[in-house]
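Engineer: Residue numbers (the numbering used here), protein chains in the order written: chain A, 18 to 393; chain B, 18 to 393; chain C, 18 to 393; chain D, 18 to 393.
Just so you know, these hints were derived from the structure itself, not from any lab. Warning: the hint list may mix true and false statements.
In this list, chains with the same sequence are indistinguishable; a pair is considered to hold if it fits within one copy or across any two.
[Said to hold, decoys possible] Here are the simulated lysine-lysine pairs, BS3-like style, with alpha carbons at most 30 Å apart:
no.	residue 1	residue 2
1	51	32
2	22	51
3	339	22
4	339	51
5	359	51
6	359	22
7	32	339
8	339	359
9	359	32
There are 4 protein chains.
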Amino acid sequence: MTNEKSPVRLTAVDKPGQPLVSPELEELYRGFEKEMLVPLWIEISGLMPQHPQSKAQPHLWRWNDILPLAERSGDLVPVGRGGERRAIALANPSLGGRPFVSPTLWAAIQYLMPGENAPEHRHTQHAFRFVVEGEGVWTVVGRDPVPMRRGDFLPQAGWNWHAHHNATESPMAWIDGLDIPFQYETESQFFEFGRDEISDAERTTPERSRSQMLWGHPGLTPIGAIPAAPGTPLLSYRWEHTDQALSDQLELERLGFDGVVEPGHAAVRFTNPIGGGDVLPTIRAEFHRIRRGAETAPRREVGSSVYQVFDGSGVISVGTEKWSVGRGDLFVVPSWQEFTAKSEAGSTDSDSGGLDLFRFSDAPIFEALNLHRASN
Amino acid sequence: MTNEKSPVRLTAVDKPGQPLVSPELEELYRGFEKEMLVPLWIEISGLMPQHPQSKAQPHLWRWNDILPLAERSGDLVPVGRGGERRAIALANPSLGGRPFVSPTLWAAIQYLMPGENAPEHRHTQHAFRFVVEGEGVWTVVGRDPVPMRRGDFLPQAGWNWHAHHNATESPMAWIDGLDIPFQYETESQFFEFGRDEISDAERTTPERSRSQMLWGHPGLTPIGAIPAAPGTPLLSYRWEHTDQALSDQLELERLGFDGVVEPGHAAVRFTNPIGGGDVLPTIRAEFHRIRRGAETAPRREVGSSVYQVFDGSGVISVGTEKWSVGRGDLFVVPSWQEFTAKSEAGSTDSDSGGLDLFRFSDAPIFEALNLHRASN
Amino acid sequence: MTNEKSPVRLTAVDKPGQPLVSPELEELYRGFEKEMLVPLWIEISGLMPQHPQSKAQPHLWRWNDILPLAERSGDLVPVGRGGERRAIALANPSLGGRPFVSPTLWAAIQYLMPGENAPEHRHTQHAFRFVVEGEGVWTVVGRDPVPMRRGDFLPQAGWNWHAHHNATESPMAWIDGLDIPFQYETESQFFEFGRDEISDAERTTPERSRSQMLWGHPGLTPIGAIPAAPGTPLLSYRWEHTDQALSDQLELERLGFDGVVEPGHAAVRFTNPIGGGDVLPTIRAEFHRIRRGAETAPRREVGSSVYQVFDGSGVISVGTEKWSVGRGDLFVVPSWQEFTAKSEAGSTDSDSGGLDLFRFSDAPIFEALNLHRASN
Amino acid sequence: MTNEKSPVRLTAVDKPGQPLVSPELEELYRGFEKEMLVPLWIEISGLMPQHPQSKAQPHLWRWNDILPLAERSGDLVPVGRGGERRAIALANPSLGGRPFVSPTLWAAIQYLMPGENAPEHRHTQHAFRFVVEGEGVWTVVGRDPVPMRRGDFLPQAGWNWHAHHNATESPMAWIDGLDIPFQYETESQFFEFGRDEISDAERTTPERSRSQMLWGHPGLTPIGAIPAAPGTPLLSYRWEHTDQALSDQLELERLGFDGVVEPGHAAVRFTNPIGGGDVLPTIRAEFHRIRRGAETAPRREVGSSVYQVFDGSGVISVGTEKWSVGRGDLFVVPSWQEFTAKSEAGSTDSDSGGLDLFRFSDAPIFEALNLHRASN
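Taking the hints into account, I'd like the entire structure generated from these sequences.
Structural biologist: See the structure below:
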């Protein structure tokens, strides 16, 4: 990650589409190397494939395997200035051991012990939290304490000051999603340290955040509120609403009306009340519910997605991989790899349910640049 | 560029901001490695720096060094299906020997011998041609033959069919710019082969392209024309207009009126007549003219730029580098590195001139995603 | 409202800014009249005033005066094909006796007797219903039955099929707002008759509309639903949400945080979840709550507004008019006339309240055309 | 145009769709009148027709009839503060003798004598000039002198200071188009007087305006220029470009390629280089060229248009009207009236030509509000 010099190395090879190997060609290639040049005819098949060839690979992280490691970090790793967060990132097995779940996305499990505080900072990387279990941590965004409970989705657009504190007697784990790899690769990131300690007023634990009081009413925009652009001013999307919205879609389907994505497959997108688009400029977040026994149609999409199983169980296929999954399990769908999800018939944990999946992706990047494609 | 497995390797180190090294910590790290996890506290300074730390470095390619290599390629490397183009890319010295001038941009010198044809293909990568010297090649975009002459800028948005043919007795070189690295890293690229040979009708060499006849009149939109989205329908921006626009700005300055960017610095952006924005969804292109003796104010910007000296001579500073430059020389300005250009007092090659610089950059990516920043 | 010929009549007058009266001038004016010409110098002060001079005037309609007339219409005027609706429009006293509350807006009281049905039709005029008292009517929009209850706001964008039916034993009155005058003046309206009778399935009276089930969840967009453009797909904005949003703003103010428009003045705008803008392309709708004893700052705005008092009492000033108002009263604020509202200190009908005002206006027209201005 | 009181007058009539006439109904209607109410059932057919029923009627003004009256005004009517402009407006024969060519548009012939100056003012009404013959007047917009010559189109967005001066020995006439009726009806207009005399520097008569030097180059945006929003920063669209663009379209058609609107019908829209949309927020301007012998397909459109014949001759049909027209003739096409134009076979005045028509309309109003419709 430093910019040390790396030479160009070119090999003349005798194969179709390549120039005839000769001493003159070798001499030309040495000239290219000396001048830091690489001919297209050597690289074209790798660089310009007929469709996306993901460097990342499909992979599953089991909640039961990673949660104990997060808990153990709670014992061994303090939270404070410098390390900033007790966050442990998923590293895609074919991305060089780096903490990148895909070429654009970061996904981590974060863990906070009773009474702990994660210090304030801000960064241009767009972020969110999603809670698969537990409660008791408040994320303090722009001095507004926002409670975190099972099923809540908490976006936090770039350059907002934020800290976390655990107000309870129990530790709590949750999922962080960010666009760290994207901003790292494209070199657009800024970071600033904030206060080491938040104020007592911010350690209050109100039932609802101020952002929710202003922006959490359906179809109603507060005329007096001035949001900090960009990204959504609504800092928490509560589970009760998400759950209701998904139940409503399946109920409409049962009554014979339109509303679901496909048979037995309800889905909502978390959106910014200002402008109606994605919650974050680089990250899309969605919640999918697949009725017991239903299965989604195979689908490929440009860009990568990470899913966490929120409830129920089922079978997931990504490219040539296939996994049985349950609560808390996380997996990545690389670019243009075929994806299907099947809800297991035997699931009885929810009347409406079946399989509940939280999903986030980098789709807004491609849509903003007219590079999005999907096939199914 | 294949997705082979790469393990996670973590080293516990005894330094500030890191947890105390202990056998238990080592055991935890082995657990992380096994589960493909990487803790943030180890990586945060590299991944989340206080401002962009470019992996690319500033670098200069001399026209007099690279043109002879292109010419020699004309002798040794045939043009045809498979290799597709006789294009030789600039490889940034600190990007691993790959043909990436920056983490997002591709810049290459392309070369076509008398009578040669480069076969038709299309790809989602957005592209342009810029001609620093010579003429006689027609680029055929969507079956519309577009002449290329010194100073012309020829954008070609993704997924347009295109081929080239050299209708003259002389070889011709020009510059290609694309977003290949960006689409490679984000895995959004598609590619398709077209006809091996273009038709006789496309080998005609009209003075003006059909796109120019329809879209090349200032402020006038043809009501009957349906453009192929996205990207500009105008396939050539002719030098005579660019030159006039820059001269006009300097003339307005001389008369005491506003118009230039800063004293002695005129500049135009190539824009899409539909929507008025950048010519390509991921690439910005500009032309800058710096009056003899003038110097631009130091400026940093998120994202990278490539410049080619079109005319005149001067001194360029990028970060800690400083070069005297002349016609045809190419250099890269990595993200957030300070840039200045000084036109040499002694230049006499143009009344209006001084130093003429063609520039392209990845700015539309950052602007579309609310990640753009500049400081000066 | 027919296009019969109307001659030009010009009078030469002897006053400053006008040409000298002479036989030659008179002859010229006769020439103008013959050729259907009118010189600017005669008309300029009326046509191009220094600020808007409203043709409409401020006016108040008392609920207690107009409701009995609506009730009486219930006895005397049948509802059916041809007349279409038992709607009685407010006629601004200085707009020629036409049913225009302002030059752009229509406001009417509509009345439906037990068991009655208003037949289906559609039109390009954008419309909404607002309920100041009562319940029991379902408005059926695109075959989706939508309940109407006190405080509910029900937008219905142009060209949606719609009918109403009263499913109860009691009559019901409500307010209709439309852009009829605007579309009449600019001649952009279309109208089509639908079915005379809605189906039994549409006579059901579900607690929630299908539109609410799909679009009524805060910040959540149904991925599978395809809305009919333009205008909001959410067909009812329920009172419970509006009330809560206004209470929340006043509560935030009490706690010392931002959120209200000005001291003691909470307000929300009804917005389209798709795009986040106004509910209707030509009509803005808002709800204002003024804390007991508070008063709004004087304000002028381009365009006209209609208010209905939903609850509480207070004193309203519009231009040189001043009225004490109570529940159900309706008034119009013409363009650029100064407006203030004062909540009466003695009101005790609501803990949070004071004065609750529903408002609609033509502001989206002016904002879309860059003609909006406000001063305060 | 003042807001004097006008009573409501209602007549109970015995016809289908109306309530039974009775003493009780008469009493109800008297109650409506007293309370300033008008029932929908009386007005619906006029207010909500099945398609636009234009209050305006098709009408033709002959250049040979109106130019002499403008010339005579030059003798009798001084230009100066108060009357502001020697502009004579076309009054549609069925719009009450008011200077409205349609319900939204103003069209006038303006006339300036040698050496005369029209004083500076500004207004929110959007305006343009179009020159059918002559030259020698400079319109000074924001202190930038802009020459006016045959075929030039000169837009001037609302709230720009502007004056005119005639620098020649000859009088000059041209056409003004504004949205005065629209802003008058909707009550959104502001007006301010500027300097009585422009400076000597503004009386210069440069070949090109500063706006043209900055914004008049195809596809090139000046990076250093800050435009005054809204409306185009390009203050003149020169005839040479318009003529070339139209010739090019017909040449493409001759060569067998796409480009024209329909056979023999070339057309361009004048557009804002910033954003690429219409030149003015409320006014669209276009130029149409119909090849000798060709005829446009019948077409209806929401909103009204005014045409001026720039060159050639032909036959125009609007609704039930039909006229032979020649240079300078002006006519109005009211909303939803069918329009066709036929170029006369015998015209020999231009190789490319046939019939050249300048057109302006209120289409941007309807497009911005989702009310536009066209049929053909």
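Engineer: Please work out whether the CA atoms of residue 359 and residue 32 approach to 30 Å or closer within one copy, between two copies, in both situations, or in neither?
Structural biologist: neither (45 Å within a copy, 47 Å between copies)
Engineer: I want to check one pair: residue 359 and residue 51. Are their C-alpha atoms no more than 30 Å apart within a copy, between two copies, both, or neither?
Structural biologist: between (55 Å within a copy, 28 Å between copies)
Engineer: Given a CA cutoff of 30 Å, do residue 339 and residue 359 count as a within-copy pair, a between-copy pair, both, or neither?
Structural biologist: Only inside one copy: residue 339 and residue 359 sit 11 Å apart there, 60 Å across copies, limit 30 Å.
Engineer: At most 30 Å between C-alpha atoms: does residue 22 with residue 51 qualify within a copy, between copies, both, or neither?
Structural biologist: within (13 Å within a copy, 32 Å between copies)
Engineer: Treating 30 Å as the Cα threshold, decide for residue 51 and residue 32: within, between, both or neither.
Structural biologist: within (24 Å within a copy, 40 Å between copies)
Engineer: State whether the alpha carbon distance between residue 339 and residue 51 is at most 30 Å within one copy, between copies, both, or neither.
Structural biologist: Cα proximity of residue 339 and residue 51: across copies only (20 Å, versus 47 Å in one copy).
Engineer: Within a copy, between copies, both or neither: where do residue 32 and residue 339 come within 30 Å Cα-Cα?
Structural biologist: neither (37 Å within a copy, 42 Å between copies)
Engineer: Using 30 Å as the alpha carbon limit, work out where residue 359 and residue 22 are close: within a copy, between copies, both or neither.
Structural biologist: For residue 359 and residue 22, the Cα distance is within 30 Å only across copies (28 Å; inside one copy 49 Å).
Engineer: Evaluate residue 339 and residue 22 at a C-alpha cut-off of 30 Å and name the case that applies: within, between, both or neither.
Structural biologist: Classified as between: cross-chain Cα gap 18 Å, same-chain 41 Å, threshold 30 Å.
Consistency note: the structure conflicts with the earlier hints numbered 7, 9.
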